[in-house]
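We have chain A; now place chains B, C and D onto it with these hints.
Note that the protein sequences, when read in sequence, are chains A, B, C and D. According to my numbering, the first sequence is numbered sequentially starting from 914. According to my numbering, the second sequence is numbered sequentially starting from 914. According to my numbering, the third sequence is numbered sequentially starting from 914. According to my numbering, the fourth sequence is numbered sequentially starting from 914.
Treat the hints with care, since some could be wrong.
If several chains are the same, the list does not tell them apart, and a pair holds so long as it fits within one copy or across any two.
[As the list claims (entries may be wrong)] Calculated pairs, BS3-like style, for lysine-lysine (alpha carbon to alpha carbon, straight line, at most 25 Å):
no.: 1; residue 1: Lys1102; residue 2: Lys1166
no.: 2; residue 1: Lys1166; residue 2: Lys1141
no.: 3; residue 1: Lys1102; residue 2: Lys1141
no.: 4; residue 1: Lys1139; residue 2: Lys940
no.: 5; residue 1: Lys1139; residue 2: Lys942
Honestly, the hints are just simulated from the structure, not real lab data. Everything numeric in this text was worked out from a predicted model, so none of it was measured.
Number of protein chains: 4
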Amino acid sequence: MKRIVLVASFLGAFTAFAQHQNPENAKMKPEMTEFWDPEVAVITPAESNSNAPSDAIVLFDGTTEGLAQNWTNNKGEAPGWVVADNCATVTKGTGGLKTKMTFEDFQLHIEWRTPAVVDTASKSQGRGNSGIFLQERYELQVLDNYGNRTYRNGQAGSFYKQHPPLVNVCKKPGEWQTYDVIYTAPRFKADSTLFSPARATVLQNGVLVQNNVQLSGPTEYIGIPKYKFHGPAGIALQDHGNPVSYRNIWLRKL
Amino acid sequence: MKRIVLVASFLGAFTAFAQHQNPENAKMKPEMTEFWDPEVAVITPAESNSNAPSDAIVLFDGTTEGLAQNWTNNKGEAPGWVVADNCATVTKGTGGLKTKMTFEDFQLHIEWRTPAVVDTASKSQGRGNSGIFLQERYELQVLDNYGNRTYRNGQAGSFYKQHPPLVNVCKKPGEWQTYDVIYTAPRFKADSTLFSPARATVLQNGVLVQNNVQLSGPTEYIGIPKYKFHGPAGIALQDHGNPVSYRNIWLRKL
Amino acid sequence: MKRIVLVASFLGAFTAFAQHQNPENAKMKPEMTEFWDPEVAVITPAESNSNAPSDAIVLFDGTTEGLAQNWTNNKGEAPGWVVADNCATVTKGTGGLKTKMTFEDFQLHIEWRTPAVVDTASKSQGRGNSGIFLQERYELQVLDNYGNRTYRNGQAGSFYKQHPPLVNVCKKPGEWQTYDVIYTAPRFKADSTLFSPARATVLQNGVLVQNNVQLSGPTEYIGIPKYKFHGPAGIALQDHGNPVSYRNIWLRKL
Amino acid sequence: MKRIVLVASFLGAFTAFAQHQNPENAKMKPEMTEFWDPEVAVITPAESNSNAPSDAIVLFDGTTEGLAQNWTNNKGEAPGWVVADNCATVTKGTGGLKTKMTFEDFQLHIEWRTPAVVDTASKSQGRGNSGIFLQERYELQVLDNYGNRTYRNGQAGSFYKQHPPLVNVCKKPGEWQTYDVIYTAPRFKADSTLFSPARATVLQNGVLVQNNVQLSGPTEYIGIPKYKFHGPAGIALQDHGNPVSYRNIWLRKL
Chain A
914 MKRIVLVASF
924 LGAFTAFAQH
934 QNPENAKMKP
944 EMTEFWDPEV
954 AVITPAESNS
964 NAPSDAIVLF
974 DGTTEGLAQN
984 WTNNKGEAPG
994 WVVADNCATV
1004 TKGTGGLKTK
1014 MTFEDFQLHI
1024 EWRTPAVVDT
1034 ASKSQGRGNS
1044 GIFLQERYEL
1054 QVLDNYGNRT
1064 YRNGQAGSFY
1074 KQHPPLVNVC
1084 KKPGEWQTYD
1094 VIYTAPRFKA
1104 DSTLFSPARA
1114 TVLQNGVLVQ
1124 NNVQLSGPTE
1134 YIGIPKYKFH
1144 GPAGIALQDH
1154 GNPVSYRNIW
1164 LRKL
Chain B
914 MKRIVLVASF
924 LGAFTAFAQH
934 QNPENAKMKP
944 EMTEFWDPEV
954 AVITPAESNS
964 NAPSDAIVLF
974 DGTTEGLAQN
984 WTNNKGEAPG
994 WVVADNCATV
1004 TKGTGGLKTK
1014 MTFEDFQLHI
1024 EWRTPAVVDT
1034 ASKSQGRGNS
1044 GIFLQERYEL
1054 QVLDNYGNRT
1064 YRNGQAGSFY
1074 KQHPPLVNVC
1084 KKPGEWQTYD
1094 VIYTAPRFKA
1104 DSTLFSPARA
1114 TVLQNGVLVQ
1124 NNVQLSGPTE
1134 YIGIPKYKFH
1144 GPAGIALQDH
1154 GNPVSYRNIW
1164 LRKL
Chain C
914 MKRIVLVASF
924 LGAFTAFAQH
934 QNPENAKMKP
944 EMTEFWDPEV
954 AVITPAESNS
964 NAPSDAIVLF
974 DGTTEGLAQN
984 WTNNKGEAPG
994 WVVADNCATV
1004 TKGTGGLKTK
1014 MTFEDFQLHI
1024 EWRTPAVVDT
1034 ASKSQGRGNS
1044 GIFLQERYEL
1054 QVLDNYGNRT
1064 YRNGQAGSFY
1074 KQHPPLVNVC
1084 KKPGEWQTYD
1094 VIYTAPRFKA
1104 DSTLFSPARA
1114 TVLQNGVLVQ
1124 NNVQLSGPTE
1134 YIGIPKYKFH
1144 GPAGIALQDH
1154 GNPVSYRNIW
1164 LRKL
Chain D
914 MKRIVLVASF
924 LGAFTAFAQH
934 QNPENAKMKP
944 EMTEFWDPEV
954 AVITPAESNS
964 NAPSDAIVLF
974 DGTTEGLAQN
984 WTNNKGEAPG
994 WVVADNCATV
1004 TKGTGGLKTK
1014 MTFEDFQLHI
1024 EWRTPAVVDT
1034 ASKSQGRGNS
1044 GIFLQERYEL
1054 QVLDNYGNRT
1064 YRNGQAGSFY
1074 KQHPPLVNVC
1084 KKPGEWQTYD
1094 VIYTAPRFKA
1104 DSTLFSPARA
1114 TVLQNGVLVQ
1124 NNVQLSGPTE
1134 YIGIPKYKFH
1144 GPAGIALQDH
1154 GNPVSYRNIW
1164 LRKL
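Same shape as in the complex, but just chain A (with noise of 0.2 Å):
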């Protein structure tokens, strides 16, 4: 902005900021406080969130040979997932899936969907259950949660036994359902203790789950989580037994 046509505009608003300012603050001229240098790198956006913008990683695209080059299974071996219509599908008793590469603070954008035939017989933790594990670590919960109740701090969109989400914006299974994730890693001080915990923001659907939540430690599913150190850290996908599928990973490091 400039102030020009803004003070014809909203002088209610804004005129009474100034009284703080004695004299020779209002002698600042407007070019006292812009700064040029260095200039913000430009990127290029995606025509939708599903794609990665220019300065993204893509972690997955698809295909068996992209998932191959980025994933290995939890022996470090080639995953074991069928990759099929351009998304992976947790194969039972293949396990998880980790990256090769490893990070500490991004931008997250993943997709997933639970199994279009819901095993009725199956509820709470039964139904289309899986996770995305930052860092290896803290997980952002997936499960079918659509018409299916579990404990607020186990449902999809929670940080499993930390933080509930802030609401169920689940979508039917068998919809795609995207998470859009800004992480902070934790950091440690020099002698391995917590220097400033790990931070998480999620969008599920566009919609708000996780406000720049504070994370107490590693995801416990007994007991009461702690800290211990560790570096950069790759990102994992839960093998829960369920045929959860995932597609379109991209990330940006922060």
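Just chains B, C and D now, with coordinates in the frame of chain A:
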């Protein structure tokens, strides 16, 4: 997740985490960290983020009636901006717009477009300039910065004169761009001094441009910002003299 | 400071700092960043921190009258604790104490002493146990931990079952110890959910034992803490059955 | 605490807290939230905070040898300041002092005295001016502000030109004053941009003057501060031309 499969899957990453627990901690049961109540509210996402999820307030639906229902000009009168093709366009001399409703914390989606025909005689702040004032005070800059350099803390995606965007992810003039904003209002103490500053996270065209930044006060064109007590306040759109257009504006109270 | 002498003094450290400034920034004058109003309130410090500065509320001055004036027992009646030698001592069976006044953010000074004669048959939590409940809910533990080990998150200087102290800086039983506490109350939203958690910094005997820690909810003896809306509240002292003494209690509202 | 006595004592405040727990949560045992390892380090406090606790580094013990051991002038040579009566006094023209050791996070105790004989011809910044530079960059102002007004963000207890003190708790010229500082160093990312800003809490003469403030960059006499990457750094004392004295300087690494 349940740990059953996971233990098999990610032994390396997870076995270490139990070591801090004394024998009694280890006897905890999974159910002891599962919280069911209150149930998380269920809402329905939209097809795309241009559309509002079920719990959002649609601030502008593309119609003249919709604009008049939710907005006024800065004199409290009906908005003078032209509505056409589902968007509202700054109409020079009619002043800025402001919502009738007021807000504290929110998630805001808004789309904007700078003029397709570029006035090449203008540059820097002179090209496609407008702005979105959160709570009528904190300006998220709107500007044509496609091939048009300006000071880094004044370009599109900046909190004007406070925080430059992390990247310049602008689209071409004449193309629609999106802002998705997660905003936390400042809080004040009983004596009107600041308790906690405003904070915001912004995605421009799906790309993170502001990562939980802390605002240092209301936007100032000249001088150094300083907080001043205020309560809930509206969203304001600036008339900076350029025919910038807006559409698909929705907001969810947080 | 003025830079005049400094520039000569610390050239190495300081000359680099001007490089981000464009020519206009460099033309700023020192006066432009000098703010005079409002004048900072003048108060008078005490001789030592056992004594209250001029703007403090003296919550306990060592007299029976002073205790009765500012405190009640948990039934709202006059305190049952014995006052002698300028201190008040937990008198078993009379219950805890609570201030009549309520507070939000504050600086608190308080002195405490565990019994000089140690019941060697008792150990861990059994020795010299009491506690200071900030806003009646958040317990800063008082315990005889001189040569008496207990669980780290339950010892003197801990926020009970939430944050162990950084060091064990306890004096011998029978010696007076000090806590200097800087406390920020939690804030809640209009719907009674948490906006920002309580935070505290604590010096024990002049040594930092809690460094701006974030409390996870009211103190729980069993289970996991969870915030519940509350407004301003008092300081409470626990009757845990041991004759722990208190003196020189003053508080400054922040 | 144990709940046994407490439940009887504070029924009103505490009974409500269990309501969020499901039946399984309620079956937790107290021991499940008690953590014993690692044992908290035991240290010995000093008689008063003028003296160092057992784990502190004594940076100045009042002797010429002690000063020469830990400090240099700004040319890396032996300090030129006069040591007498257990204190070191700024000796005009000899330049500032800087510790040989470097630090990140710390608790610092330092005592200072402005000249007993006031040069009444001087006022504002001209009277008893010196400064303590944390990590050689972030100035905690030292000034005679007893009956001597200056700009609020430049007086004793301020972080110079960034944060005015909460109160003016200055003693008379010629009297010893204390600063107790809790300092968290800024952290930087691998690309040298800021990860988290420096933070500090300061007690002057036992009274809170800075409450966990966030510094916006190295102290600037002219213009707007901006962070620049640095690692561990020393404590520096400013030679501003006035014979300000220092004593009892100790620091604990955090």
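Could you tell me which of the hints above the structure violates, numbers in ascending order? Hints that this structure does not satisfy do not exist here, as all of them hold.
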